[in-house]
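Q: Protein chains in written order, with full-length UniProt numbering: chain C, 1 to 437; chain E, 1 to 437.
If you're looking for bench data, these hints aren't it; they were derived computationally from the structure. Mixed in with the good hints, there may be bad ones.
Identical chains blur together in the list; that is why a pair holds if it fits in one copy or across any two.
[Said to hold, decoys possible] Computed cross-link-like contacts, DSS-like style, restricted to lysine-lysine with a CA-CA straight-line distance of at most 30 Å:
hint : residue 1 : residue 2
1    : Lys223    : Lys192
2    : Lys192    : Lys43
3    : Lys232    : Lys417
4    : Lys168    : Lys426
5    : Lys99     : Lys128
6    : Lys404    : Lys426
7    : Lys68     : Lys168
8    : Lys282    : Lys198
9    : Lys417    : Lys192
10   : Lys404    : Lys168
11   : Lys223    : Lys128
12   : Lys198    : Lys24
13   : Lys428    : Lys24
14   : Lys62     : Lys128
15   : Lys223    : Lys428
16   : Lys99     : Lys198
17   : Lys417    : Lys84
18   : Lys99     : Lys428
19   : Lys84     : Lys404
20   : Lys84     : Lys168
Residues per chain, in single letters:
There are 2 protein chains.
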Amino acid sequence: MPFGSYWQREEIMPLNQLEELRVKRLRWVVRRAYDNVPFYRKKMREMGITPHDIRRIDDVVKLPFTTKDDLRANYPFGLVAVDKSELVRIHMSSGTSGKPKVVAYTERDLENWINMVARCLYMIGVRKEDVFQNLVSYTLFTGGLGFHYAAERIGAMVVPTGTGNTEKQLQYMVDFGTTAIHATPSYALRIKEVAEEKGIDTQNLPLRIGCFGAEPWSDNTRKRLEEAFDLKAFDSYGLSEMNGPGVAFECEEQNGLHIWHDHYLVEIVDPETGEQLGEGEKGELVLTPLTKEAMPLLRYRTGDITYLMGFDRCSCGRTHPKIHRIIGRADDMIVVRGINVYPSQIEHVLMNLPEVGDHFQVVITRNGSLDEITVRVEMRDEIFTGELRDFSRIRNNVMRALQKELNIRVNVDLVEKGTLERFEGKAKRVLDLRKEL
Amino acid sequence: MPFGSYWQREEIMPLNQLEELRVKRLRWVVRRAYDNVPFYRKKMREMGITPHDIRRIDDVVKLPFTTKDDLRANYPFGLVAVDKSELVRIHMSSGTSGKPKVVAYTERDLENWINMVARCLYMIGVRKEDVFQNLVSYTLFTGGLGFHYAAERIGAMVVPTGTGNTEKQLQYMVDFGTTAIHATPSYALRIKEVAEEKGIDTQNLPLRIGCFGAEPWSDNTRKRLEEAFDLKAFDSYGLSEMNGPGVAFECEEQNGLHIWHDHYLVEIVDPETGEQLGEGEKGELVLTPLTKEAMPLLRYRTGDITYLMGFDRCSCGRTHPKIHRIIGRADDMIVVRGINVYPSQIEHVLMNLPEVGDHFQVVITRNGSLDEITVRVEMRDEIFTGELRDFSRIRNNVMRALQKELNIRVNVDLVEKGTLERFEGKAKRVLDLRKEL
């Protein structure tokens, strides 16, 4: 039930009330973890603390961290705090190797989750009159069902297409008059490409809102998405361990993502030392969900790099703080000759160059004892037909721009449009051939 | 909210009350179609009738039929009776050719649908303690989300795996302690096969309930499924035009499917003449949904062949009539030398022969002016290694059994296990090569 131009009144809760609620919830969740999850009881006992030691928000630093490996080691239900009969849903994260990370939900967890995603959609203007096409995987991935339930709750007409069959997807957009979409940015750019092949003018579709998530993307990609579909593009952040999407989301300002402070306790820590960092300092996002019944994780290390943008009230009126869009994911970070490189930095540079198309790939090789980084870049069609001289000029431009951003020598291969693999879900941008040696 | 051993009290509504409710609803739905869908107003005017002419259940025969072609011709929203802003969901049937059949739902339609599928699941014993693994496609196919929402409503732990990745699916069954599954019968048999390859004993899984639908299957297949997984196998019937699954379902008796009489008006008609047939007479199932707000279809020709099993109260206590399991789908019917053959008849015969494996294919060819039907049959491993003489004896057995059932000469090819294609969704059993001439 909307509350004015907000989905829930908690979005504009006065800061002192919000703080009170957060303290209450933090104590509740710590008690829950301690009483019902042997893993946490043991850890807290080893650290010499009990739930009584957690009285204020600042006390969170006394609590143990939880890592992705902890989740894997406790597969499938080791961190669950309720009787199995209370669980109503299982999701799994797309584990690249080893055991998957299982997340579990009670009925109330789902209710909270639906409302958090609904807050996000309502915040960017999705209403019951909208036609919401959900172009991400359903089933075990949280992105599909997470957005599906929320858009339905708002009363939008949900078109649950999932990924794949891009031509048909485009046809449905036309036939159903789709006004809002949810996709990974790379799949959206792929859709635009197919539309061009089919002669469908994506700028003339009734689309007005795009939610893009599951991979970090930059403001330069935003410009491309907004131009391609003539819509407003919003950054969506979430992870299955924190329910799924709906953890943080851009408001109409498109400047930072509101993180739902009544449901998540936010910290930024130094990835090496685990020390809490202050406002504006870049580090790893650490989240403690404050309302999760089924799996009350404490100080979860997301591996995502960002910073807190400060607590100034946003012009949208929401009292929940903002984080900067994800700068990189620790999992995606490449170390080349001792220097940390995020694919999102490369994306940021490339998407700002008009000659460069929408697709690229990063290849890391080892030449003797030296790491080499090569960025394969698709050119726009109209550029590629140019003279050889031009070609070499563009290549130098790209190389210089990348080297300036990354502080490292980079090889650049210009390739024809359509050369590189396309993705319907999360794009796999990095090919690290060093591992195969 | 369960009502004793029933999900909803309507399941055991006394017949006179049920009849009263049905008449009221029929009049409501006819009025709705007439007032809001130009297609029906035009048709009814041409037939010289108005909603006032529909006063009793028997008056349904005065109404026009609706066909699959009508749905296609009115793609996408021509038959929708509400403002588009009232729609909250779109599904589509897997149209094999031409335009897809779009179905639309209001919030109330979804609520009714969820409860109908929940009735079915609750009827066969699914409870909040169960782990329900949903092994069918999500997204636009109604089978996935239809069962998902209903199992969740009951409070079971839903594992939304979808199809594909059969080895992992098996691992989840083991790891999560899956007690109930939903799949097509052919995918279930495929899972059993993969389990054998991996050395997983499917009889020792905690499975106890199986819901099988989306393709017609026989009692002989039931025996195989029940033995393979040591569970009780129930037949699920539905179609997207009638919301999806949850139209009719077997109760614990496993003898006929209760069709929810408060939501669907059932007729059996002669497929040629459209004349209503009586109890026990085989014909085409025609359904009029009595509660659909978004798309109030009148007398929808399902193309499915079955018969009404009579109105004797079932030992389960439900007052809703039963239909026999689907004998064949008009769409699947093959005409060979003037004789109608349903793949389900062939399945029925083969699954009763112990030498025969779980997979077969029907190939139709034209030899000059003569149609030929060849059934390719996978043998069980242990049989195939036998002597040539034995081999020929089995082939003759299969041939004789098929000819007895179909009244037509049939070629039989015995093939090794693993030769024929496997399916994760609806099996494609028939390869009609005549069409390619």
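Q: Does each hint hold? Answer for all of them.
A: How the hints compare with the structure:
With identical chains, the CA atoms of lysine 223 and lysine 192 are at most 30 Å apart within one copy only, with a shortest distance of 14 Å there and 50 Å across copies. Proximity of lysine 192 and lysine 43 under a CA criterion of 30 Å is satisfied in neither setting, with 50 Å inside one chain copy and 42 Å between copies. Taking CA atoms no more than 30 Å apart as the test, lysine 232 paired with lysine 417 passes inside one copy only; the shortest distance there is 26 Å, against 54 Å between copies. Taking identical chains as interchangeable, the C-alpha atoms of lysine 168 and lysine 426 lie at most 30 Å apart whether they share a chain (20 Å) or sit on different chains (20 Å).
Taking CA atoms no more than 30 Å apart as the test, lysine 99 paired with lysine 128 passes between copies only; the shortest distance there is 27 Å, against 40 Å inside one copy. Taking the shortest alpha-carbon separations for lysine 404 and lysine 426, only the intra-copy value of 27 Å comes in at or below 30 Å, while the best inter-copy value is 55 Å. In this assembly of identical chains, the alpha carbons of lysine 68 and lysine 168 lie at most 30 Å apart only when taken from different copies (20 Å versus 37 Å within one copy). Proximity of lysine 282 and lysine 198 under a CA criterion of 30 Å is satisfied in neither setting, with 43 Å inside one chain copy and 48 Å between copies.
For the identical chains of this complex, lysine 417 and lysine 192 are intra-copy neighbours only, at 13 Å inside a copy versus 44 Å across copies, given an alpha-carbon limit of 30 Å. With identical chains, the CA atoms of lysine 404 and lysine 168 are never at most 30 Å apart, being 42 Å at best within one copy and 45 Å at best between copies. Within a single copy, lysine 223 and lysine 128 get their C-alpha atoms as close as 27 Å, which meets the 30 Å cut-off; across copies the closest is 48 Å, which misses it. Proximity of lysine 198 to lysine 24 under the C-alpha cut-off of 30 Å is found in neither arrangement, the shortest distances being 56 Å within a copy and 50 Å between copies.
Within a single copy, lysine 428 and lysine 24 get their C-alpha atoms no closer than 41 Å, and across copies no closer than 57 Å, so neither meets the 30 Å cut-off. Within a single copy, lysine 62 and lysine 128 get their C-alpha atoms no closer than 45 Å, and across copies no closer than 37 Å, so neither meets the 30 Å cut-off. For the homomeric pair lysine 223 and lysine 428, the shortest alpha-carbon distance inside one copy (22 Å) is at most 30 Å, but the shortest distance between copies (45 Å) is not. For the homomeric pair lysine 99 and lysine 198, the shortest alpha-carbon distance between copies (18 Å) is at most 30 Å, but the shortest distance inside one copy (41 Å) is not.
Taking the shortest alpha-carbon separations for lysine 417 and lysine 84, neither the intra-copy value of 51 Å nor the inter-copy value of 39 Å comes in at or below 30 Å. For the homomeric pair lysine 99 and lysine 428, the shortest alpha-carbon distance inside one copy (20 Å) is at most 30 Å, but the shortest distance between copies (34 Å) is not. For a Cα distance limit of 30 Å, the shortest separation of lysine 84 from lysine 404 qualifies neither inside one copy, at 53 Å, nor across copies, at 51 Å. Taking the closest pair of Cα atoms, lysine 84 and lysine 168 come within 30 Å of each other only across two copies (21 Å); inside a single copy the shortest separation is 40 Å, beyond that limit.
In summary, the structure is inconsistent with hints 2, 8, 10, 12, 13, 14, 17 and 19 from the numbered list given earlier, while agreeing with the others.
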